[in-house]
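Quick note, the sequences are listed as chains A and B, same order. Position 32, counted from 1, in the first sequence is what full-length UniProt numbering calls 32; the numbers after and before it change by one each time, with no gaps. Position 191, counted from 1, in the second sequence is what full-length UniProt numbering calls 191; the numbers after and before it change by one each time, with no gaps.
Don't take each hint at face value.
Note that the list lumps identical chains together, so a pair holds whenever it fits in one copy or between two copies.
What the hints assert, rightly or not - The list that follows gives simulated cross-link-like pairs (lysine to aspartate or glutamate, DMTMM-like), each with its CA atoms no further than 25 Å apart:
| id | residue 1 | residue 2 |
| --- | --- | --- |
| 1 | K173 | D316 |
| 2 | K309 | D293 |
| 3 | K275 | D59 |
| 4 | K309 | E255 |
| 5 | K275 | E232 |
| 6 | K275 | D286 |
| 7 | K275 | E209 |
| 8 | K309 | E38 |
| 9 | K275 | D113 |
| 10 | K309 | D110 |
| 11 | K309 | D343 |
| 12 | K275 | E256 |
| 13 | K309 | D143 |
| 14 | K275 | E312 |
| 15 | K275 | D290 |
| 16 | K275 | D143 |
| 17 | K275 | E255 |
| 18 | K309 | D73 |
| 19 | K173 | D197 |
| 20 | K309 | D25 |
| 21 | K309 | D201 |
I should point out that these hints are in silico values taken from the structure, not numbers from a laboratory.
Letter by letter, the chains look like this.
There are 2 protein chains.
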Amino acid sequence: MKPDAAVNRRVVLAARPRGSPTPRDFRLDEAAVPTPAEGQVLLRTLYLSLDPYMRQVMDEIPPVYAPSVPLGDPMAGGTVNRVVASRHPRFRAGDLVLGRAGWQDYALSDGQDLVPLGALTQPSLALGVLGMPAFTAYVGLLDIGRPQRGETVVVAAASGGVGAVVGQLARLKGARVVGIAGGADKCRYAVEELGFDVCLDRRDPRLAEHLAAACPNGIDIYFENVGGAVFEAVLPLLNVGARVPVCGLISHYNEETPPAGPNLLPGVMTAVLQKRITVQGLVILDHYADRFDAFFRDMGEWVAAGQVKLREDVVDGLENAPTALIGLLQGRNFGKLVVRVADV
Amino acid sequence: MKPDAAVNRRVVLAARPRGSPTPRDFRLDEAAVPTPAEGQVLLRTLYLSLDPYMRQVMDEIPPVYAPSVPLGDPMAGGTVNRVVASRHPRFRAGDLVLGRAGWQDYALSDGQDLVPLGALTQPSLALGVLGMPAFTAYVGLLDIGRPQRGETVVVAAASGGVGAVVGQLARLKGARVVGIAGGADKCRYAVEELGFDVCLDRRDPRLAEHLAAACPNGIDIYFENVGGAVFEAVLPLLNVGARVPVCGLISHYNEETPPAGPNLLPGVMTAVLQKRITVQGLVILDHYADRFDAFFRDMGEWVAAGQVKLREDVVDGLENAPTALIGLLQGRNFGKLVVRVADV
Numbered sequence: 001m002k003p004d005a006a007v008n009r010r011v012v013l014a015a016r017p018r019g020s021p022t023p024r025d026f027r028l029d030e031a032a033v034p035t036p037a038e039g040q041v042l043l044r045t046l047y048l049s050l051d052p053y054m055r056q057v058m059d060e061i062p063p064v065y066a067p068s069v070p071l072g073d074p075m076a077g078g079t080v081n082r083v084v085a086s087r088h089p090r091f092r093a094g095d096l097v098l099g100r101a102g103w104q105d106y107a108l109s110d111g112q113d114l115v116p117l118g119a120l121t122q123p124s125l126a127l128g129v130l131g132m133p134a135f136t137a138y139v140g141l142l143d144i145g146r147p148q149r150g151e152t153v154v155v156a157a158a159s160g161g162v163g164a165v166v167g168q169l170a171r172l173k174g175a176r177v178v179g180i181a182g183g184a185d186k187c188r189y190a191v192e193e194l195g196f197d198v199c200l201d202r203r204d205p206r207l208a209e210h211l212a213a214a215c216p217n218g219i220d221i222y223f224e225n226v227g228g229a230v231f232e233a234v235l236p237l238l239n240v241g242a243r244v245p246v247c248g249l250i251s252h253y254n255e256e257t258p259p260a261g262p263n264l265l266p267g268v269m270t271a272v273l274q275k276r277i278t279v280q281g282l283v284i285l286d287h288y289a290d291r292f293d294a295f296f297r298d299m300g301e302w303v304a305a306g307q308v309k310l311r312e313d314v315v316d317g318l319e320n321a322p323t324a325l326i327g328l329l330q331g332r333n334f335g336k337l338v339v340r341v342a343d344v
Numbered sequence: 001m002k003p004d005a006a007v008n009r010r011v012v013l014a015a016r017p018r019g020s021p022t023p024r025d026f027r028l029d030e031a032a033v034p035t036p037a038e039g040q041v042l043l044r045t046l047y048l049s050l051d052p053y054m055r056q057v058m059d060e061i062p063p064v065y066a067p068s069v070p071l072g073d074p075m076a077g078g079t080v081n082r083v084v085a086s087r088h089p090r091f092r093a094g095d096l097v098l099g100r101a102g103w104q105d106y107a108l109s110d111g112q113d114l115v116p117l118g119a120l121t122q123p124s125l126a127l128g129v130l131g132m133p134a135f136t137a138y139v140g141l142l143d144i145g146r147p148q149r150g151e152t153v154v155v156a157a158a159s160g161g162v163g164a165v166v167g168q169l170a171r172l173k174g175a176r177v178v179g180i181a182g183g184a185d186k187c188r189y190a191v192e193e194l195g196f197d198v199c200l201d202r203r204d205p206r207l208a209e210h211l212a213a214a215c216p217n218g219i220d221i222y223f224e225n226v227g228g229a230v231f232e233a234v235l236p237l238l239n240v241g242a243r244v245p246v247c248g249l250i251s252h253y254n255e256e257t258p259p260a261g262p263n264l265l266p267g268v269m270t271a272v273l274q275k276r277i278t279v280q281g282l283v284i285l286d287h288y289a290d291r292f293d294a295f296f297r298d299m300g301e302w303v304a305a306g307q308v309k310l311r312e313d314v315v316d317g318l319e320n321a322p323t324a325l326i327g328l329l330q331g332r333n334f335g336k337l338v339v340r341v342a343d344v
């Protein structure tokens, strides 16, 4: 599918979802390709990253987290772009950059949100193992989780963009890694390809029992990116001094009201007290200034050495992004989900 | 009331409480005064500290927190003691010590759990403003909360042993302090005597609304020692980067099963994520080796300078300890609760 070069196709937010998003919450429209002013560049989107946090910015949420997408605006999202035209001194036509162009073919930028990608041979990596999801894993696991040799680390969505990297980094640090993923294929991949010690199927009705068996020494770090039943299975296994970086809660994003009881909060707070647990929220946007350079250097070495890898799940065509995001929220992706919007 | 010197009166745990403890869960019995072996001292209890955590050790709880009191054993508790007889090289008869003799007139010790108190003129202070409650406030507020000038700190049980010290330390660090306490007398005391900026009545049905009005810049530190409705009122006001040291949950100690819904846990975890909140459990026993000396030096100076004070609520007679603890769990004490067991 080759879009008309004179038209900017955009997927805009048509309605705020009630519960799970549906295709009707999105609308594909067309606008004129914008013209850069002095100090701006015109970007062509090559790859669009789809990530669980996108469900949150479809809602009206506190401005502290990330800006809500206004109704009628293009959906927000990280992108790999080619500079098509530049009136900015730091960029030239043809440059490959990491940007935040959102769900559209073309966008303008003043350059402040752009990171030059040089001659990265596989540019979509900048959205995955060298980008935001892996950076989230890096800061959440290493800075908040602080894994020690011989400790036990548990992470869900184990074949996804964040979870897969959490598990591999924890292994690099000498921890035992127990993953949780949706289905036998993803679990096999986590163990055989990513080196997890164990991976359990989240749909197994005996998940709590199997998790206890897989963690004979308890759990020292639970990297929280899903919430819900997984957290409930983890809670009784947490050790004294356990750390719980909270980087996502995908199982709750479609909830409209507090779920029915019982109220689990007092029990969780009692465990936090009695076991001296640290629960800490992480929004990766906070850490680019301080930690991205260290991440990019370290992860570049680990990827080059084959110590960390990340499967990509590539969807073709901007018009398929809504369906792909809806599937991501249901766990239908297998690996880091990206949309190929145009050829490099 | 002058107990027979040849008899060791003990308040033992007669039954594990179902919900709120009742007098029938305790039993006053008498035993022989024990005789110290080589390396032991015989302690006479002068003051017994009553603290909310005692409700927890009446239950069968995870051994990671504190040992459960076995049925038929004397209730556990921190004490100020006079050494009556010593076969230990470091102690002499007549020495005043801080110990853990529990709810009884006499106890043996091998000296390892004893802290010499020298000639402390008001020895009960070692159970309050120079002891465990104030040490909990010191570590929880300063090490976990880390108050900065101009930040807003909220603490409940504001006239109690921990809360009163939290508020005064936060003021010393230049923070705005909003207390919550049970009733007008305690609130007036927190503001007029302890220097809190505001203190709200926890029984006020409009507590959440008044708390929001009292915290126009949100809440940076919530020192959690109560749980329940106070935490629910605090949650929407927490700022980005807020810290929540969890030192106690008195409102939940008498609960037997998870309370009815809705389930507030997902909403709390969402706030932790979106606002990058840190929730960290604190058990003060962990910190004596590292931090007690600094606490004792700092707090001694602040107390001597009149910058920190703590009202004592003194109950006379070991036999009245059960009723006093039951009252403490209902908020009937006013200040740090201690039992005077014998004259100094």
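We went through each hint and held it up to the structure:
For the identical chains of this complex, K173 and D316 are neighbours neither inside a copy (36 Å) nor across copies (57 Å), given an alpha-carbon limit of 25 Å. Within a single copy, K309 and D293 get their C-alpha atoms as close as 19 Å, which meets the 25 Å cut-off; across copies the closest is 49 Å, which misses it. In this assembly of identical chains, the alpha carbons of K275 and D59 lie at most 25 Å apart only when taken from different copies (16 Å versus 35 Å within one copy). For the identical chains of this complex, K309 and E255 are neighbours neither inside a copy (32 Å) nor across copies (47 Å), given an alpha-carbon limit of 25 Å.
Taking identical chains as interchangeable, the C-alpha atoms of K275 and E232 lie at most 25 Å apart whether they share a chain (16 Å) or sit on different chains (22 Å). Taking the shortest Cα distances, K275 and D286 sit within 25 Å of each other only across copies (11 Å), while inside one copy they are farther apart (28 Å). Taking CA atoms no more than 25 Å apart as the test, K275 paired with E209 passes inside one copy only; the shortest distance there is 21 Å, against 33 Å between copies. In this homomeric assembly, K309 and E38 never come within 25 Å of each other (Cα to Cα): the closest approach is 40 Å inside a single copy and 64 Å across copies.
Proximity of K275 and D113 under a CA criterion of 25 Å is satisfied inter-copy only: 23 Å between copies versus 42 Å inside one chain copy. In the homo-oligomer, the alpha carbons of K309 and D110 never lie at most 25 Å apart, since the shortest distance is 33 Å inside one protomer and 57 Å across protomers. In this assembly of identical chains, K309 and D343 lie within 25 Å of each other by CA distance solely inside one copy; the values are 23 Å within and 71 Å between copies. In this assembly of identical chains, the alpha carbons of K275 and E256 lie at most 25 Å apart only when taken from different copies (19 Å versus 32 Å within one copy).
Only within a single protomer do K309 and D143 lie at most 25 Å apart by alpha-carbon distance; the minimum there is 21 Å, versus 38 Å between protomers. In this homomeric assembly, K275 and E312 never come within 25 Å of each other (Cα to Cα): the closest approach is 38 Å inside a single copy and 30 Å across copies. Proximity of K275 and D290 under a CA criterion of 25 Å is satisfied inter-copy only: 19 Å between copies versus 31 Å inside one chain copy. In the homo-oligomer, the alpha carbons of K275 and D143 lie at most 25 Å apart both inside one protomer (20 Å) and across protomers (17 Å), since each shortest distance falls under that limit.
Proximity of K275 to E255 under the C-alpha cut-off of 25 Å is restricted to the inter-copy arrangement: shortest distance 19 Å between copies versus 29 Å within a copy. With identical chains, the CA atoms of K309 and D73 are never at most 25 Å apart, being 34 Å at best within one copy and 58 Å at best between copies. Taking the shortest Cα distances, K173 and D197 sit within 25 Å of each other inside one copy (13 Å), while across copies they are farther apart (47 Å). Within a single copy, K309 and D25 get their C-alpha atoms no closer than 34 Å, and across copies no closer than 59 Å, so neither meets the 25 Å cut-off.
Proximity of K309 and D201 under a CA criterion of 25 Å is satisfied intra-copy only: 21 Å inside one chain copy versus 56 Å between copies.
When the structure is compared with the earlier hints, violations turn up for hints 1, 4, 8, 10, 14, 18, 20 and for no others.
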